[in-house]
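Chemist: These are the residues of each chain, in order.
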Amino acid sequence: MQDHLDELESKTIYILREAYNRIKPLGMLWSIGKDSTALLWCIRKAFYGRIPFPMIQLDTGMEEDEVYAFRDQLVKDWGFELIIEQCPPEAEMDQTLPPATRAAARKTEGLKNLLAREKYKGVIVGIRRDEQSMRAKERVFSPRRFDGTWDYKDQPAEFWDQYKTDFPEDTHVRIHPILHWREIDIWRYTQRENIPIVPLYLSRGGMRFRSLGEKNITFPIKSDASTIEEIIAELETTKTSERAGRSMDNETEDSFERLRQSGYM
Amino acid sequence: MTKLEQKAGAEKVGVVIVGHVDHGKSTLIGRLLNDTDSLMDGKLKEVQESCKRRNVPFEWSFLLDAFQAERDQAVTIDTTQIWFKSQKRPYVIIDAPGHREFLKNMISGAAFADAAILVVDAAEGVREQTKRHAYILHLLGLKQVVVAINKMDAVAYDEKRFNEVKAEITAYLSGIDVTPRQIIPIAAREGDNIAKKSDKMPWYKGASLLEQLDAFSPAAPPVEKPLRFPVQDVYRFDERRIIVGRIAAGVLRKGDTLVFSPSSRSAKVVSIEKWNAAHDILSAQAGESVGITLDQPIYAARGDVASHADKAPMLTHDFRANIFWLGKEPLRAGKRYKIKLATSEATVMVRSIDRVIDTGDLQRTEKDFVGVNEMAMVTFHSRETVALDPFADNHETGRAVIIENQDVVGGGIINMEGLADLRQQRQAAQENLHAVDHLLTRQDRALRNGHRGMVVWLTGLSGAGKSTLAMRVERALHIKGMQTYVLDGDNVRRGLNADLGFSAEDRSENIRRIGEVAALMADAGLIVITAFISPFIVDRRAARAAVKDGFHEVYVKADLSTCEKRDPKGLYKKARSGEIAEFTGITSPYEPPEAPEIVVDTSARGIDECVGVIVEHVLENARATTLETRDETRAER
Numbered sequence: 519m520q521d522h523l524d525e526l527e528s529k530t531i532y533i534l535r536e537a538y539n540r541i542k543p544l545g546m547l548w549s550i551g552k553d554s555t556a557l558l559w560c561i562r563k564a565f566y567g568r569i570p571f572p573m574i575q576l577d578t579g580m581e582e583d584e585v586y587a588f589r590d591q592l593v594k595d596w597g598f599e600l601i602i603e604q605c606p607p608e609a610e611m612d613q614t615l616p617p618a619t620r621a622a623a624r625k626t627e628g629l630k631n632l633l634a635r636e637k638y639k640g641v642i643v644g645i646r647r648d649e650q651s652m653r654a655k656e657r658v659f660s661p662r663r664f665d666g667t668w669d670y671k672d673q674p675a676e677f678w679d680q681y682k683t684d685f686p687e688d689t690h691v692r693i694h695p696i697l698h699w700r701e702i703d704i705w706r707y708t709q710r711e712n713i714p715i716v717p718l719y720l721s722r723g724g725m726r727f728r729s730l731g732e733k734n735i736t737f738p739i740k741s742d743a744s745t746i747e748e749i750i751a752e753l754e755t756t757k758t759s760e761r762a763g764r765s766m767d768n769e770t771e772d773s774f775e776r777l778r779q780s781g782y783m
Numbered sequence: 234m235t236k237l238e239q240k241a242g243a244e245k246v247g248v249v250i251v252g253h254v255d256h257g258k259s260t261l262i263g264r265l266l267n268d269t270d271s272l273m274d275g276k277l278k279e280v281q282e283s284c285k286r287r288n289v290p291f292e293w294s295f296l297l298d299a300f301q302a303e304r305d306q307a308v309t310i311d312t313t314q315i316w317f318k319s320q321k322r323p324y325v326i327i328d329a330p331g332h333r334e335f336l337k338n339m340i341s342g343a344a345f346a347d348a349a350i351l352v353v354d355a356a357e358g359v360r361e362q363t364k365r366h367a368y369i370l371h372l373l374g375l376k377q378v379v380v381a382i383n384k385m386d387a388v389a390y391d392e393k394r395f396n397e398v399k400a401e402i403t404a405y406l407s408g409i410d411v412t413p414r415q416i417i418p419i420a421a422r423e424g425d426n427i428a429k430k431s432d433k434m435p436w437y438k439g440a441s442l443l444e445q446l447d448a449f450s451p452a453a454p455p456v457e458k459p460l461r462f463p464v465q466d467v468y469r470f471d472e473r474r475i476i477v478g479r480i481a482a483g484v485l486r487k488g489d490t491l492v493f494s495p496s497s498r499s500a501k502v503v504s505i506e507k508w509n510a511a512h513d514i515l516s517a518q519a520g521e522s523v524g525i526t527l528d529q530p531i532y533a534a535r536g537d538v539a540s541h542a543d544k545a546p547m548l549t550h551d552f553r554a555n556i557f558w559l560g561k562e563p564l565r566a567g568k569r570y571k572i573k574l575a576t577s578e579a580t581v582m583v584r585s586i587d588r589v590i591d592t593g594d595l596q597r598t599e600k601d602f603v604g605v606n607e608m609a610m611v612t613f614h615s616r617e618t619v620a621l622d623p624f625a626d627n628h629e630t631g632r633a634v635i636i637e638n639q640d641v642v643g644g645g646i647i648n649m650e651g652l653a654d655l656r657q658q659r660q661a662a663q664e665n666l667h668a669v670d671h672l673l674t675r676q677d678r679a680l681r682n683g684h685r686g687m688v689v690w691l692t693g694l695s696g697a698g699k700s701t702l703a704m705r706v707e708r709a710l711h712i713k714g715m716q717t718y719v720l721d722g723d724n725v726r727r728g729l730n731a732d733l734g735f736s737a738e739d740r741s742e743n744i745r746r747i748g749e750v751a752a753l754m755a756d757a758g759l760i761v762i763t764a765f766i767s768p769f770i771v772d773r774r775a776a777r778a779a780v781k782d783g784f785h786e787v788y789v790k791a792d793l794s795t796c797e798k799r800d801p802k803g804l805y806k807k808a809r810s811g812e813i814a815e816f817t818g819i820t821s822p823y824e825p826p827e828a829p830e831i832v833v834d835t836s837a838r839g840i841d842e843c844v845g846v847i848v849e850h851v852l853e854n855a856r857a858t859t860l861e862t863r864d865e866t867r868a869e870r
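Protein chains in written order, with my numbering: chain Y, 519 to 783; chain P, 234 to 870.
A couple of the hints might just be wrong.
Label-pair ranges, simulated between beta-carbon atoms [unchecked claim]:
| hint | chain 1 | residue 1 | chain 2 | residue 2 | range |
| --- | --- | --- | --- | --- | --- |
| 1 | P | Leu733 | Y | Arg562 | 39 to 47 Å |
| 2 | Y | Arg710 | P | Leu515 | 20 to 28 Å |
| 3 | Y | Pro617 | P | Glu279 | 14 to 22 Å |
| 4 | Y | Thr614 | P | His614 | 50 to 58 Å |
Looking from chain Y toward chain P, a few residues come up when the C-beta cut is under 7 Å (computed) [as the list claims (entries may be wrong)]:
| hint | residue |
| --- | --- |
| 5 | Gly628 |
| 6 | Ala654 |
| 7 | Gln680 |
Selected chain Y positions facing chain P (in silico; Cβ < 7 Å) [stated by the list, open to error]:
| hint | residue |
| --- | --- |
| 8 | Arg535 |
| 9 | Lys563 |
| 10 | Glu676 |
| 11 | Asp684 |
| 12 | Leu753 |
| 13 | Lys757 |
Rather than coming from a laboratory, the hints here were simulated on the basis of the structure. Small disclaimer: the values here were computed from a predicted structure and weren't measured. Cβ atoms here follow ideal geometry from the backbone N, Cα and C, with glycine treated the same way.
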């Protein structure tokens, strides 16, 4: 009998195998955070220990030191191809965006540069519906227009596990294999499977990061959860949103919408 | 972790909220979130303040509509999912847009649900989208439905009005075989009968909406149904050949013999593979993504459905489906589309539009097209043989999506009433074959001819020398007074198998027919020499089974480089350049015989010598005087 986590994992593996069979070439954005690392673990399960396409880090140079250390260690331990894409500077961003949103937009531009160069047809991204109301409206296979933008007013029909896998030239598809997971599911899975995490998620001196991002626009929350078990207990009762520590979500009502529409993850 | 949470994790129920635009679906959800204390801190305040800033009255639905365009127009454009918890269990609420224009988004949401709430405005009553959405629930096979008659506050909580609307919706639902578990009067804006019973409607004795939701159960994976394992991909990362997929129905066990449809090849499960599994896996069931290895290297590919032999899916070229159409261009008879059914794809033609259903009055109209957002019954014809089930028997392999210009433009559930199952026809044909006793026996014919009939089955790579050998052997036997015939691509492909192409399935069918024809000719007393690559063990085994005794397999051996150098028809060149997609030895495997009667190596020996070996073998085995002994020893073949 499959339990809840097995069900989530089986669906994710199914989506990964669809992507691998139908879309070439393929790459995955690995933010080094808890979600995309759990997803990376599912990739090893789907392909019998292999990671058959490259991991991509959109690097702004602004991650915490522990994040870089964790990245290098995991590449060594698991053995996979990592492409580190340097994102363009903030000065080149749309100056009408509020400051934190502008900082986040660097990743969108880094991704665009990478796509233009490497010609990926599919980009796997570890976002979840419960993170944010815009992401809740996403499809599992979500096409982007040639300029990388998201036409959220006319998304493809998607049902019965049949995904849109054929596209015109010059477009790419975002593939979201853990869209159906919740934050608490990720932690329970990380605990059960013993998946490594960046230590910043665990409380030190009464503070921990619930969501990891660049140091200039992400802040730790008050928490005494110093083990994964304690994080799970905290999440069962919390009424604070996961991305409360992310400045760009909270600057203006539509700042995240503007980011996503123009191609943010 | 509390016990409740742990247990609750496995019992999540997905509930879709459907109904006509503006009947209050999003309001109901906002209220449910609030009344079950599921909103994040500050969320309500944030939305209230945003309303103040924008100088618009607060709406509960603003908690859900995420896009600026949705908030601006107060209309839900795309489906969304929200998590909340009751005392009993967690829920995923699926908000589906009510506007006609967004039906494809409504279906994209509703298809994930275990249960549905159909919202009807008490003042307006049943409207166009109420009916269309209810009909979609019926097509999606959703059985757990509750009707919420909303905005009771706007009709002064009037029992009479409630009963009128209740009668109206009940009449419609009974026409489409949907039986609501409960019809509940609510006022979402006020919270009446949402999380708890309202004292404003003492005349209503039933459950609150939340109590009713708690009475639903999550849709369980169809473990009890016959096994359906659609092949998703085949991996050869190491020495293992792993066939992967997610089990759509039933249970798969190590040691099971599986039949792969539509090819009908079979093999035994040697192992069930999962990475990092703690121990040997003995079985897996519906919902699980697994891999399997088989005891034979049979040709299995994405799109095949593995099952047990006694409960295999139907095989057909023709099927009928109840469809909903989302395409901007109408569906028309005679047009071609691609369909996707589980992991398989097929090109289909619309043979007929049997009826278009007006979801308003459920009347059937005669039309020669199906327009956007319409429902219809359509008969399709597929070029390829399709393995499927009627939707009533198996949901996962009983429905298909329809694709036009790379987009999903519709979906349909399959109904095979009155249509033939090719598998049954094939079996029936086999049974009838033995029904009549012939007055002449093989032995009578062998005595007349002076030799017994047999099949000399040449197999080997293209360019190995099969055709040359076949002609030379035939001539040598003819000179010795024997009745002979050569079957090769020239005389078979033009007539008997003119309808077959070069897909894996067609190549297999080609060999099957040749085996059957060779068997008939041998039965008639001829010495039949066949010259086909016939690369797969399983196909040659089927031919051997068709011929019964008198089947002599000749492995015409020559290494690939020799064959490619000879390349008498220029085929290797074409295969290398990609002009021929599946070419044996280059892009498709050749499985050498395991125990052939004869092996002739044409790269090591001269042609005369090879002909001599085969002719000698035939003479020795075909002589009428050896009939009795041969029959005894080979009767079990």
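Chemist: Take the hints in turn and mark each one as holding or not.
Modeler: Cross-check of the supplied hints:
1. Leu733(P) with Arg562(Y): 39 to 47 Å: Check passed, 42 Å falls within 39 to 47 Å.
2. Arg710(Y) with Leu515(P): 20 to 28 Å: holds (21 Å)
3. Pro617(Y) with Glu279(P): 14 to 22 Å: holds (20 Å)
4. Thr614(Y) with His614(P): 50 to 58 Å: About 56 Å separates the Cβ atoms of Thr614(Y) and His614(P), which means 50 to 58 Å holds.
5. Gly628: violated (25 Å)
6. Ala654: Cβ of Ala654(Y) sits 5 Å from chain P, so the hint holds.
7. Gln680: holds (4 Å)
8. Arg535: With a minimum Cβ separation of about 5 Å from chain P (threshold 7 Å), the hint on Arg535(Y) holds.
9. Lys563: This hint holds: Lys563(Y) lies near chain P, its Cβ roughly 5 Å from the closest one there, short of 7 Å.
10. Glu676: Holds. Min distance 5 Å.
11. Asp684: For Asp684(Y), the interface hint holds, since the closest Cβ of chain P sits about 4 Å away, which is under 7 Å.
12. Leu753: Result: violated, 10 Å to nearest chain P Cβ.
13. Lys757: holds (4 Å)
Violated hints for the displayed structure, listed by number in ascending order: 5 and 12.
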